[in-house]
Each structure stands twice: as C-alpha cells, then as structure tokens.
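Visitor: Residues per chain are reported as follows:
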Amino acid sequence: MSNLEDAELAGQVARGNEKAFLALYDRYAGRIHALTLRILNDPMLAEEATQDTFLKLWSRAHSFSAERGSLLLWLLTIARHVALDRLRLEARRPTLSDSSDPEEAWQNIPDGNSLTEEHRWRSLYFAVQSLSTEHRQVIELAYYQGLSQSEIAETLGWPLGTVKTRLRAAMEQLRRDWNR
Amino acid sequence: MPSNKHIPFRENIPAYVLGALNAGEISALEAHLETCVPCQGEVAAYRTLSDDLLMALPPKNPSAALRRRLQSKLPSARRPLRQSMKWSLGRFAVASVLVVLLLLDGFAAYQMQSLQNQQAQLSHQLQAQQTALALLSYPGVQVVSINSNGITGTLLVDDDRNAIALFAWNLPSLPADRTYQVWLIDSQEQRVNLGMFRPDPALPFTSFSVISSNPIANFVGIGVTVEPSGGSSHPTGPRLFRVGF
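Chains E and V are the protein sequences, given in the same order. Numbered by my numbering, the letters in the first sequence go through residues 1 to 180 in order. Numbered by my numbering, the letters in the second sequence go through residues 181 to 425 in order.
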C-alpha cells in the first residue's frame, strides 16, 4: 500500500478504502501539520485543523484530479483554508516570528541531492529564510495569516505603499532565487 | 494594452497569488486578466511559487493520538456502534410490538368485561321486562302509579305469584358506593328487604322485578331508600318514594 502512487491511493480512498486513507495520512500528516501549526501556532488547534483536512480527504477524494496538481498540493491548499478559517474563527492575533528551527528542519529533510518534491520545498524553505526580516514578515502575514495588504499595513504600522512594495519585492526575490 | 496601464495590474499579481488583495483589487485584476495574456503567464508563474510556499515548511508530525482519532471516525470503527444501534432498534421494535400487543390484549379484556357487564344488565332488564309483560298479561295484576318527589312510574303487583315489577322514570343517579333498596312494608310499618337495584344511565327508565319469598298479600306497600352498596338490614338512608298497594 505504501508503495502506491498518490493518485492511485486517492482513487482507493474515494472508493472507501481505509488502508489507503491511512497510508496517505502516514505519508503526509507531517507536512499538513507543519502548515496548520505554522498558521495557528497552537498544537491543539493545529491538530484539529489537520484532522479536518484529512476528513475532507476522506469525504472528497473523488474530487481530486491528478491532472490539476499533486495530491500533496491539494491537501496543503485544503489545510491552508481550514487553518485560516479556524484562525479567523478564533480571532487570533497574527504571529510574526517563525518558530521553526532551521537546524531542526535540516534533520527532518529527506535526501537533498535529488530533484524530488522534497528537494524543491527544502530549497524554497531556505530561500524564504534568506529573505530580509521585512520581506519575510509580509510574506508570512499574507500567506500564513491570511491578511490583506491593508491589514498587514495596519498590523505592522507601515504605510500601505511600503507593504505593497515589500511584498512585491519579496516575491520577486523568491522567484529569482527559485529559478536560479 | 499600453504599458503604463498594464503596470499597476502586473504589480498586484504577487499579492494576488498570496491572497493579499482586497475584493475591489481582485475584481479589477481578474477583469484585466481576461484580456491580458502576458499577465496570465505572470499569474501562472507566481502561482507556482505560492504553491511551493505551502511546502516550504519542515515536517512536524502530529501526536499519535490524532491518527487514532481519525481511525475512530472511519466507517469500520463506527460499524459496531451501528450494529449496536441496529440491535437496539430491533429490540425497541420487538418491545414496541409487545407493548402494543399487551395494550391490545388489555383493551380486549376490558372490552370483554364491559360486554359481559352489558350482557348481564341487558339480561336483567330483559328479565324485568318479560316479568312485567307477563304480569300485564295476567288478569289479577294490580297496577299502581308512582308520582312522588319528581319520580314517576308504574308498579305491577301480582299477589297470586308474589311477583312485583317496578318501572320508574327520572331516578337520580347514585354514587358508586350507594344503591337503591326496595322494602316491603306491612301494616305495622315493618320493612322486609325485597332487593336492590341501580339506575341504568344508558336508559331513561329503570326496571326492577322480583319474586318475593314472602306473601305479597301480607304487605300494604313498598318503599325505596338509598343504602350503602350491598344493602342494609333495615332502612338507614333517605327515602326515594313510597307507594301503597
């Protein structure tokens, strides 16, 4: 079961195969939970959001289409929406610091010499970490906290124009680093 | 499209893919994207970047309890509960049927008892009416009218057969612990029990007939009193009426 491709497992989940579902959970729970924890910054809330994400996988696996993207991206997109909805429900204040330890991240990262998906996100993770604090903050607040540019300006006390400029510059830098 | 009008939209694309635009900015940009192929390409490129941002976090495994909680929500874990519910529903259905049958049985018994009571009453009334008819057809029967305390009726007296039949109208209804008792009255105003009856609420009149063990000719009339259920050895309650032969 663990050797099967994501799309095949998702198809089996859509047909009610619980072993396939648990295989996908074992494969991606860490990735999903990392995102929900990053957004919610609360282990209990993050686990609830992770659980809700996988329950959506169970109930909506039939709507997954491998042609539109990877299963992991599909799950992460669901997880982001679930966590942001929960964040708004809890009316929690944005968290500005990344609590993840880069050294710990290295220990958890699989083989970095391959061109696998893991290699891609490993590279991007360090590309984000290499951004200036101001650039990283606007990225985090926009993407991981669901704030608009106006809300970011209010949160950080910056002029709206500054937020727009920094956010655009941060994304352009990531794009350059990523394509380099 | 002229480049000076193109630039503001293009500058918003990074914020757009991050979900950081407000509703008005989103509408304007999406309207622009419908006709601008270069900007569509920019969106696709930045969309790839934003998708990758989702993956730019080192894995963090949740607690082992989360896996167990998820497993508990899967159908196989819930099946025993469903079976239990089915058993419960089955038992409930059987219990319901038993209760209904018991109720029906009780109701049938009640109906049977009621029918038996009605049959006894009808039999008693029929006997009284047959006695009355027999008395009416006999030439020596004395017919006495009753009109006392608002009660009207007829008393048939057959001295030869010591038979008496009483038909009374407008008799007051009685509490459950009371009965009407009929007394033969002799010339010394002594009373001898002749029997008891209760008015039938289903009928506008009440009939009572009896063959006396004492010679009717030795008595001068009858009286009716209200007595405790089961009767009394001598009159103790209020008199309903008295009539002489």
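What the hints contain is simulated information worked out from the structure, not anything from laboratory work. Backbone N, C-alpha and C fix where the C-beta goes; we use that ideal spot for every residue, glycine too. Check before you lean on any hint, since a few could be wrong.
Restricting the straight-line Cα-Cα distance to at most 20 Å, the calculated cross-link-like pairs of lysine to any residue (SDA-like) are [said to hold, decoys possible]:
id, chain 1, residue 1, chain 2, residue 2
1, E, K56, V, R247
2, E, K19, E, D6
3, E, K56, V, S252
Facing chain V, a subset of chain E residues (Cβ under 7 Å, in silico) [stated by the list, open to error]:
id, residue
4, R15
5, A29
6, D42
7, M44
8, L45
9, V128
10, L131
11, S148
Visitor: Please go over all the hints and tell whether each is borne out by the structure.
Guide: So, going through the hints one by one against the coordinates:
no. : hint            : verdict
1   : E:K56 to V:R247 : holds (15 Å)
2   : E:K19 to E:D6   : holds (13 Å)
3   : E:K56 to V:S252 : holds (15 Å)
4   : R15             : violated (12 Å)
5   : A29             : holds (6 Å)
6   : D42             : violated (13 Å)
7   : M44             : violated (10 Å)
8   : L45             : violated (12 Å)
9   : V128            : holds (5 Å)
10  : L131            : violated (11 Å)
11  : S148            : holds (5 Å)
When each numbered hint is compared with the structure, violations occur for hints 4, 6, 7, 8 and 10.
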